[in-house]
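Novice: Read off the chains here:
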Amino acid sequence: MKKNTWPMSLKKHFLLLLHGLFLCLFLAGISFIYFNENYGRGLSWIHEESYADTLSFTEQLESDVEMIFKYVKYKDLFETDGTLDYNKDMVCVTFTSGKTMIYTLNDLIRSAKRWGYYLTDTFEVAGGPAVHERETRNASIPLIEWKTYDPDAAEHYTEPGDAYATREELAYEVLTLLGEYYQIQYNYMDKPSNLYFRVSYMDNSGTEQLYTNAAQYPLDDLKRLGRYLYLSGSSIIIDTNLKHVPKNITSELENYNLYGNNNYYIILGLDTRYPNTDPYSIAHNAYTKVRVNYITGLILFSIGGAGLLATLLLLCCLSGYQTSERKAVSLYYFDRIPLECSIFLSFLCLWLWKYMASRTGTAAAQILVAKDHQKYFVTLSYDVGIYLICLLEGFSLLRQYKAKTLIHDSLIGRSTRWCILALSRTSFPSRMTACFLGYLGITGGLIFTVNYLYKNRLLLAVSYLYIIPAIVLLLFQVWTFLLLYRNAAETEKISFGIFKMSEGDTSYKIDTSGFSGKGANLAETLNNIGDGLETALQEKVKSERLKADLITNVSHDIKTPLTSIINYVDLLKREKIQDEKIQRYLDVLDQKSQRLKTLTEDLVEASKASSGNLKLDIANIDLVELIHQTNGEFEEKYGIRHLELVASLPQESILIAADGRRLWRVLENLYNNAFKYAMEHSRVYVDVAAKNGFVYFTIKNVSENPLNINADELTERFVRGDVARTTEGSGLGLSIAKSLTLLQGGSFELYIDGDLFKAQVGFPVLSSPHSSAPDARTLDA
Amino acid sequence: MQTILVCDDDKQIVEAIDIYLTGEGFQVIKAFDGYEALELLEYNEVDLMIVDVMMPGLDGIRTTLKVRENSSIPIIILSAKSEDNDKILGLNIGADDYITKPFNPLELVARVKSHIRRYTQLGNMGQQNVENVYKCGGLLINDDNKEVFVDDEAIKLTPIEYNILLLLVKNAGKVFSIDEIYEQIWNEEAIGADNTVAVHIRHIREKIEINPREPRYLKVVWGVGYKIEKQ
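Here the protein sequences line up with chains C and E, keeping their order.
Each residue of the first sequence is one higher than the last, beginning at 334 in our numbering.
Each residue of the second sequence is one higher than the last, beginning at 25 in our numbering.
Calculated from the structure, these hints are not laboratory results.
Nothing here was measured: the structure is a model prediction, and the numbers come from that model.
Take the hints with a grain of salt, since some may be wrong.
What the hints assert, rightly or not - Quick list of in silico lysine-lysine cross-link-like pairs, DSS-like style, CA-CA up to 27 Å:
#1 LYS842/C <-> LYS875/C
#2 LYS480/C <-> LYS403/C
#3 LYS930/C <-> LYS111/E
#4 LYS909/C <-> LYS198/E
#5 LYS159/E <-> LYS1009/C
#6 LYS880/C <-> LYS842/C
#7 LYS970/C <-> LYS35/E
#8 LYS231/E <-> LYS930/C
#9 LYS54/E <-> LYS906/C
#10 LYS345/C <-> LYS406/C
#11 LYS137/E <-> LYS159/E
#12 LYS243/E <-> LYS948/C
#13 LYS243/E <-> LYS906/C
#14 LYS243/E <-> LYS930/C
#15 LYS111/E <-> LYS880/C
#16 LYS909/C <-> LYS111/E
#17 LYS524/C <-> LYS406/C
#18 LYS930/C <-> LYS35/E
#19 LYS925/C <-> LYS35/E
#20 LYS948/C <-> LYS180/E
#21 LYS35/E <-> LYS137/E
#22 LYS833/C <-> LYS875/C
#23 LYS54/E <-> LYS970/C
#24 LYS111/E <-> LYS170/E
#25 LYS243/E <-> LYS970/C
#26 LYS231/E <-> LYS198/E
#27 LYS970/C <-> LYS159/E
#28 LYS875/C <-> LYS159/E
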């Protein structure tokens, strides 16, 4: 946690330094591995293999096997009872003169010395005479009778010259052989070796010929030394723990088979502790060193790689933040470069670096590194350069991403915003035009591309390339169709919504989910209009109800004092005061208080009827019966004003759906109206007639006073013919009648023609007069 | 002498009712709110109660409910509320009658008398259940001697009126159309029946009802016919 107390910039610089260090480690690791001779062999060899398993070891062993069998050969050739015998016969020749000579080893060595030959310290033949001093072949070249070192030689002489050799040549041959003998003697016998061998041939009588540098070791000890190889003449199976068997061993063994039987064997033993200095120990040490180098390289590679990743991740987390709160993201000046430019710049840098690496990299490498490593060095520095450029660009993008300016500040983002801004400022038709032109352009371009690629398909490397723009074209068309389809669906929904709202369903809402653009705006606006209408409607209903309630409550408050007025006027009248003046006054009081009573009652009824705030009890009733009943109620009353009721009613009953009590109230008001305003001694005509599925009740009378008023105004509240103001009644009768009729679903019309007053109430006739379906419709709006 | 409890928060109205009822020979106890009325009921023998609805403290509806817990005296609600709902409520909770303000003093007196008669006399007359005697609430028809009584008061009807009433009372609750009545009474087929029946009905109503516009017995079912309310 100590790290967290560091300032952010220090932390980041430290991390960057670490990153660099790890990069160096990583590169060093790679170099170690790359330059190791085991590069490219994978990893398994490190723990599975030792020097004795390598091919170079096998090669060494093969040459040693060859040497061993040479030793087998030379031992008999040069030695007598285990020591070098210079008096051994080597070659027998016959000169052209017929003289036969047998040369001993000593003879030949001496003549070799005479010719100037000698053995070096590695037992190679060196020296020799000048060319002109050589014997001429034709002078005295003896015929070779036999050679002890090459017993079958005579059979090999295929050409005439082969059977002849000068003494110089013979001496050289023997000296070479002797050198080899010394070499083996020195390397395997005199010097301590890590390789022990024993070759044994046994004749049929049981006499063993043994060739070995490990006479003191029994057979099993040799097998225990580390690596061994045992091959016996009686078996074809090689008993060994070597990975690779020397290829020449079986043939060599058989070649030197002295007695032509199977009683022989060879055993090779290698002391893998390598206690003695010889080619094996040297090669083993070199091999071990190479392995250690490789492992070091691997470790460096792993540590460097892990460190690189870890620091990279940490840097990714911290990049862009100035404080440890990790809120504000600060950008460098080059982070302000738009996305596309920055990527382009990066590619430019990469290209430049590549160019430099290819042009001047090799030249620079020639100054710094050896020729073998130049190519590797160039590749390495090229890759490191690419990595650094990518790192720089990547972190720049990361910071922009964290600051959320990656797309926003990019050229595409800017131009898109500019386009949207420019488009949104233009009118919808011009946007439409722009879209259509864009559509035409894209479609045309794609068709052209498809056409071009199709026509030239045989010239192109990929002949089916035209399929790609074709698919794009298809997808574009589908996309366009989907857009149009969605637009149409939106329009459909919106027009349905408008239709619904115009029908009066103001609470209808268009489901705007999935809408976009102009459609969404439109639908939203329409929903708002609907809301507004709904609110207005509710407000209206509410205010109507409030008004009705207010009128009802006020009328209750008026009625209580009115009761006292009426009662006490009545009580006064009962006092039977003789004074006529007082009687007259009391009459006025009585009349006016009664009128006030009617007025308050009618006011409540009118307000309720017009606001629809009352309960209707709709049933099937007979209009004709109702008119008869009404006529019965009014006949005598009309008699008071000498009015004649002339009724013209159909015989059969006519059923309508209405609230009987309310309809009676309508008729009562109309009859009362006629009673009050008809001219005395006139006739009041009442008739009922069915027409076009409707039944109309009409009442006609001649007004006593001129009707200087519009028919419509008669049903307006408190509106009456001026002259009639002094008479009883509230002036609400016709208004109540109209409201009640409309509430029950009927029609109410007034006609004025001169002094003729005519009221008509219409109701739809029920189709089946006998079906009585009393449905209590509640109109409690 | 019957005692009537009048309860209203408006003193002048109580006073006026007192004058009318006292003039008719009733003893009147006055109360000005529901609690007072309940208290007075406890200590007085009361034959009928007139109660206002809108009163401070205990209102008329709750007062009626309280009274009905242990008394069956006639209760007349007198209220400025004239809507159907108010009337239905009042009658449903146990009131016997509902009179709206401003009221006709004569009607009020008539109704008070009617209720008292029914409560005190008809109630203990028992079921005479003589043949040819038809009873419907306060309405009684003795077919043997062609007499009609409303709340024990003899009513004079013309023969046709009598027959119509008898038909309706015999079939109390059933609605008769004008044509049906005509055919039953005149024994003729009704061809374009005129207003005769309706006029007769109106006459009957004026004779047997206290307020013909708001009949208790002979009801008009507008657009259908007439009926005697089954009680």
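Novice: Are the Cα atoms of LYS524/C and LYS406/C separated by 27 Å or less?
Specialist: holds, 20 Å
Novice: Can the restraint linking LYS970/C and LYS159/E be considered satisfied, given a maximum Cα separation of 27 Å?
Specialist: violated, 31 Å
Novice: Can you confirm whether the C-alpha distance between LYS243/E and LYS948/C stays at or below 27 Å?
Specialist: Given that 27 Å is the threshold and the Cα spacing comes to 20 Å, the pair holds.
Novice: Is it true that the CA of LYS842/C sits at most 27 Å from the CA of LYS875/C?
Specialist: With a Cα-Cα distance of about 22 Å, the restraint between LYS842/C and LYS875/C holds, given a limit of 27 Å.
Novice: Take the C-alpha atoms of LYS111/E and LYS170/E, compute the straight-line distance between them, and say whether it is at most 27 Å.
Specialist: Judged against 27 Å, a Cα distance of about 35 Å means the pair is violated.
Novice: When you check the alpha-carbon spacing of LYS111/E and LYS880/C, does it fall within 27 Å?
Specialist: holds, 22 Å
Novice: Are the Cα positions of LYS880/C and LYS842/C separated by 27 Å at most?
Specialist: violated, 30 Å
Novice: Would the hint linking LYS137/E and LYS159/E be met if the CA-CA limit is 27 Å?
Specialist: Given pair LYS137/E, LYS159/E holds - Cα atoms ~19 Å apart, limit 27 Å.
Novice: Does LYS180/E sit within 27 Å of LYS948/C, going by the straight-line distance between their CA atoms?
Specialist: violated, 39 Å
Novice: Taken at face value, is the distance from the CA of LYS35/E to the CA of LYS930/C at most 27 Å?
Specialist: With a Cα-Cα distance of about 20 Å, the restraint between LYS930/C and LYS35/E holds, given a limit of 27 Å.
Novice: Would the pair LYS54/E and LYS906/C pass a check requiring their Cα atoms to be no farther apart than 27 Å?
Specialist: holds, 24 Å
Novice: For the pair supplied as a hint, LYS231/E and LYS930/C, confirm whether the alpha-carbon distance does not exceed 27 Å.
Specialist: It holds: about 25 Å lies between the C-alpha atoms, which stays within 27 Å.
The structure shown violates the earlier hints numbered 4, 5, 6, 7, 10, 13, 16, 20, 23, 24, 27 and 28.
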